[in-house]
Amino acid sequence: MPRVKIARKSTATDMTAMCDVAFLLLTFFIMTSKFKADDPVPVDIPSFSKTVVLPEDNIATITIGKGEVFFGVEGVPVRKLMLEEMGKLYKITFTPQEIAVFASTATLGVPMSQLKTFLSADETQLKSFKQTGIPTDSVSNELFNWIREARKADLALTGKALRVTIKGDSKEEYPTIKRVIAILQKQKVNKFSLITALRSAPK
Amino acid sequence: MAELDTSGGGKHKGGKVRSKKASTRVDLTAMVDLAFLLITFFMLTTTLLKPKAMDLVMPDKDEKDTRLPVAASRTMTVLLGSNNKIEWFVGEPGKSAPTVDNYGKDGLRKALIENSDKIKASHGGEPMIVLIKPSDKSNYRNLVDAMDELNITKIDIHAIVDITQPEIDELKKQHLY
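Residue numbers (our numbering), protein chains in the order written: chain A, 1 to 203; chain B, 204 to 380.
Source of the hints: derived by calculation from the structure; they are not laboratory data.
The model shown is predicted, which means the values in this text are computed figures rather than measured ones.
Idealized CB from N, CA, C, for every residue including glycine.
One or more hints might be untrue.
No more than 27 Å apart at the CA atoms, straight line, and that leaves these computed lysine-lysine pairs for DSSO-like [unchecked claim]:
1. K80(A) to K171(A)
2. K313(B) to K66(A)
3. K152(A) to K375(B)
4. K321(B) to K171(A)
5. K34(A) to K375(B)
6. K321(B) to K178(A)
Derived CB-CB ranges, DEER-like [stated by the list, open to error]:
7. I360(B) to D122(A): 52 to 58 Å
8. D122(A) to N305(B): 22 to 28 Å
9. K34(A) to D339(B): 52 to 58 Å
10. E317(B) to K66(A): 46 to 52 Å
11. D372(B) to R179(A): 19 to 25 Å
12. P111(A) to K376(B): 17 to 23 Å
13. D44(A) to H326(B): 23 to 29 Å
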């Protein structure tokens, strides 16, 4: 009886299409991933057992660490409008270059009197520029104005209310937090978010 | 297919000896492996880096008219002192002896659960109200920890309130201020 011969097929598959898809996805993820902006002060966030994920835009962050307060808002158009309004308020005019530097700065922490110097500093100076924090006292009211202008600018551009978040260092003394919360409450922001890490479920 | 046509293109009459050409087909397996590894990495990092947060609602300072009178015996006040210690009491300050406690499972959480049950039993099922009063000597983590305990014990009615002078004196007595 003749044996039935099974034709042997090569096990090598063509990987080209798979490779194409893989690299396409890779490119997509690299493009969409955003690098985390450095905090001006080291911030060790406390943990909480129930957290919600924050949206990417329409958000303002108040960073608190070492007794200093920093402020940042997401979105380049919002930042530009905010700076313009702050300039009007404090009677400072900014050059287009300074506005561009400001728009690319994620977190701001200088008093208004030093803002001009900070924004005109070049790349290398900018890195070593020591940000001393935004004054939170009620005399100059700078943080209050920054938050108010950010909220106004965000509402004008996106039509949604700005979500204010506080990113505080674990070791931060309560009075600083209290001052910031008082500033927020003064403009009737009674609901805000505290940035926390997720703690594993309690046992 | 990906491989290029490397055959000489038709038959040659001359009978010239041609060197055998190697196939240009490359093994892409390793490359695909690497690509997928990187994809996995970027996928995970982009979703994991999203900041997480807890929502905090503060009592409105202006609207005094909407306040409702509640029995002081339904409230439990938690004072946040220094050295990661707390002091709590039920009812009005000075009326009952405060208890010094610490954060965590056997400290604040136990006290919250016990007091919640007690108040529910004595007030006909009405829930306990917790007031958190952070002193100037407490830190940010203390506040978040205290909120976390309330979240774990599912005590929904709570507020962060400014501390008063008699309560600071109380903390001073226990060397927590």
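For each hint, the structure was consulted:
Under the criterion of a C-alpha separation no larger than 27 Å, the hint pairing K80(A) with K171(A) is inconsistent with the structure, at around 33 Å. For the suggested pair K313(B) and K66(A), the alpha carbons sit about 33 Å apart, so the restraint of at most 27 Å is broken. Distance hint between K152(A) and K375(B) is unfulfilled; the C-alpha atoms sit about 44 Å from each other, more than 27 Å. For the proposed pair K321(B) and K171(A), the alpha carbon gap of about 34 Å is over 27 Å, so the pair is violated.
Taking the CA atoms of K34(A) and K375(B), the gap is near 48 Å; set against the 27 Å cutoff, the hint is violated. Between K321(B) and K178(A) the CA atoms are separated by roughly 32 Å; this puts the pair beyond 27 Å, and the hint is violated. Checked against the hint of 52 to 58 Å, the C-beta distance between I360(B) and D122(A) comes to roughly 54 Å, which is consistent with it. At roughly 51 Å, the beta-carbon separation of D122(A) and N305(B) lies outside the given 22 to 28 Å, and the hint is violated.
Range check, K34(A) to D339(B): about 38 Å between beta-carbon atoms, so the 52 to 58 Å window is missed. With their beta carbons about 38 Å apart, E317(B) and K66(A) fall outside the hinted range of 46 to 52 Å. At roughly 23 Å, the beta-carbon separation of D372(B) and R179(A) lies within the given 19 to 25 Å, and the hint holds. Checked against the given bound of 17 to 23 Å, the beta carbons of P111(A) and K376(B), roughly 40 Å apart, lie outside it.
Restraint check, D44(A) to H326(B): a C-beta distance of roughly 40 Å breaks the suggested window 23 to 29 Å.
Violated hints, listed in ascending order, are 1, 2, 3, 4, 5, 6, 8, 9, 10, 12 and 13; each of the other numbered hints is respected by the structure.
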